[in-house]
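Enquirer: Residue strings, one per chain:
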Amino acid sequence: MESPHASSAEKPSPRNANPSSPSPSPSSRLWRPAAQRNIRNQWSKLLSGKDRWFSAASEGRNHATSLVNAYLSCRYMPHMDLGVLKGMPRIREKACEKLTLKQELYCGKLLSSYKDMVAVVSDLVKASKSMRCFIKGSAASSLIQFSDTSGDMSDPGDGGGIPVFTHFSISEFENLVQEIVEMFELELSLKRLIVVELLSINEKEVIGEQIDVSSWQTELYLGEFDNLQMIGLLSEESFLPLPSRLKDRNSNDNFIGRSCHQRSSEILQVYLTTWLADVNIDVNRIAEIFSIIEEEIQVKLS
Amino acid sequence: MEAMMKKFQQKYRRIRDEMDRWDELQSRLLSQFVNASSIIDRLEVLRDTKNYGILGSVDGIKETLLGKQMEALEMSFCSMKMTMKEFHSIVISFEKIARDGSQLLRGGTISTAQKQLRIGIWPSLTECVDHLQTIHEMHQFEYLLKSSIVSSLSWNCSGIDIGVLRQLLVDQPNISTHEVQSIFDIVFAEEIS
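Protein chains in written order, with UniProt numbering: chain A, 1 to 302; chain B, 1 to 193.
So that you can see chain A by itself, here it is in the shape it has in the complex (with noise of 0.2 Å):
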């Protein structure tokens, strides 16, 4: 297993060119299987984050249009022709309160989903930050070891631009990761503020006055806005999530982010088209990602 890594790592790199950067010393033939190991690693984390996102949004959909629809259902109770019940007494109070209890239910389920997504984007964001491998402790020592956290500040953790593999250096892995990191990053902002809106409807129908509570700059859990920070969803001056965007558009300045306490069906609907519809997401170009990956680094990682 060892000996094709080591007559690579002999072979003189075009990347290695550069003057500047460490010669290619025993540290630096050491440092090639335990940067491979790190990248191996870390991409299958990626995948199986990129699965567990989808998994939680589509959970996260179904409850959203559970919410939705006892909402509506709620709504048009006054309307609705009850047939044979319609001689119940306080049949309409009571469907309603129950309908009420359901979207409490599913408030607090859309939520789990939505602390669950948070929690995948974070885990993307730092296997995404930890490509690189550094050297641990004096590269002098005869024992030589690795960590994903820099100890040493002179020590970039890329191995001086050689290919980790046959390619790609950590830089490269590192911007097709960051490619990805991006659409999911935009995409859990924007289904914030979907989340930020649903949550919403409930809250109005059962306090029957127009608080803010809705507004997108509240933390919709204790933590969340840690958690927005980490990923990079926080803005550093305010330390208020910044305003969703799409991909390759910038935000709006005139970004309202207020609810507009319209609550119309056809809102509704467009809410969840667009959770469903993962705008920034670009599947094909993941898939291509990965197949470019797993070509790279010589392992299937599905």
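Honestly, the hints are just simulated from the structure, not real lab data. Among the hints, erroneous ones may be present.
[To be verified] To give an idea of the chain B side of the interface with chain A (calculated C-beta under 8 Å), a few residues:
no., residue
1, R42
2, D59
3, G60
4, Q69
[As the list claims (entries may be wrong)] Derived DSSO-like pairs (lysine-lysine); straight-line CA-CA distance at most 27 Å:
no., chain 1, residue 1, chain 2, residue 2
5, A, K109, A, K98
6, A, K126, A, K50
7, B, K68, A, K115
8, B, K50, A, K247
9, B, K7, B, K115
10, A, K45, A, K136
11, A, K50, B, K62
12, A, K247, B, K68
13, A, K115, A, K50
14, A, K126, A, K109
15, B, K96, B, K81
16, A, K136, A, K126
17, A, K50, B, K68
18, B, K81, B, K68
19, B, K6, B, K115
20, B, K115, B, K11
21, B, K62, A, K247
22, A, K247, A, K126
From a predicted model like this one, the values you see are computed outputs, not experimental measurements. Every residue, glycine too, gets a C-beta built ideally from N, C-alpha and C.
On the provided structure of chain A, position chain B as indicated by the hints.
Expert: Quick look at chain B alone, frame taken from chain A:
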């Protein structure tokens, strides 16, 4: 005669297997159709900027969402076309079975009287050939109908159009399940009793 009858029964068994496959394709096509029509249904709501609520402040959301939905619709059309190809392969296979059946009779040295003779509960050999042809034709016409339904479905169909098309797809008016069943009852009469 008996050997000949066995050969026909074998052909009818193949028909039956293909018809099971037809039923699977039918339910697949229906769910693809429902999927496509629910996208078409939504398009009108998605085209109206005032339906975007809070998402209205996300730059470019309407164009992107519509684009994604059109993409999904296109994919859905593609998968329906694939299903139609499989339907077509069944029609081709029915055609071959029917042709083989009529050659079976033409090639042999069986007299016309023998061909029309009914022995016991068995149908006559001519009937066996005719029924194969009937089943083939039903499915061929139904295939042509489905093809034109699938190609009439487009993003600017109205909800009413879609409802009618869907009903036609469900009904399969060219295939009389009753008639097919009675053909099988005759051919496999001995197995039923």
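Enquirer: Please go over all the hints and tell whether each is borne out by the structure.
Expert: Verification of the hints:
1. R42: Cβ of R42 (chain B) sits 6 Å from chain A, so the hint holds.
2. D59: At about 4 Å, which falls below the 8 Å cut-off, the nearest Cβ of chain A leaves the hint on D59 (chain B) intact, so it holds.
3. G60: holds, 5 Å
4. Q69: holds, 7 Å
5. A:K109 - A:K98: holds, 17 Å
6. A:K126 - A:K50: holds, 13 Å
7. B:K68 - A:K115: Holds, because 26 Å separates the two Cα atoms, which is no more than 27 Å.
8. B:K50 - A:K247: Since the Cα atoms of K50 (chain B) and K247 (chain A) sit roughly 22 Å apart, the hinted pair holds (cutoff 27 Å).
9. B:K7 - B:K115: holds, 14 Å
10. A:K45 - A:K136: holds, 23 Å
11. A:K50 - B:K62: holds, 26 Å
12. A:K247 - B:K68: holds, 13 Å
13. A:K115 - A:K50: Given pair K115 (chain A), K50 (chain A) holds - Cα atoms ~15 Å apart, limit 27 Å.
14. A:K126 - A:K109: Roughly 26 Å between the alpha carbons, so the hint for K126 (chain A) and K109 (chain A) holds.
15. B:K96 - B:K81: Holds. K96 (chain B) to K81 (chain B) sits at ~23 Å (cutoff 27 Å).
16. A:K136 - A:K126: Roughly 20 Å between the alpha carbons, so the hint for K136 (chain A) and K126 (chain A) holds.
17. A:K50 - B:K68: holds, 20 Å
18. B:K81 - B:K68: holds, 20 Å
19. B:K6 - B:K115: Roughly 15 Å between the alpha carbons, so the hint for K6 (chain B) and K115 (chain B) holds.
20. B:K115 - B:K11: The hint holds at about 17 Å.
21. B:K62 - A:K247: holds, 13 Å
22. A:K247 - A:K126: holds, 21 Å
Violated hints are absent here; each numbered hint is respected by the structure.
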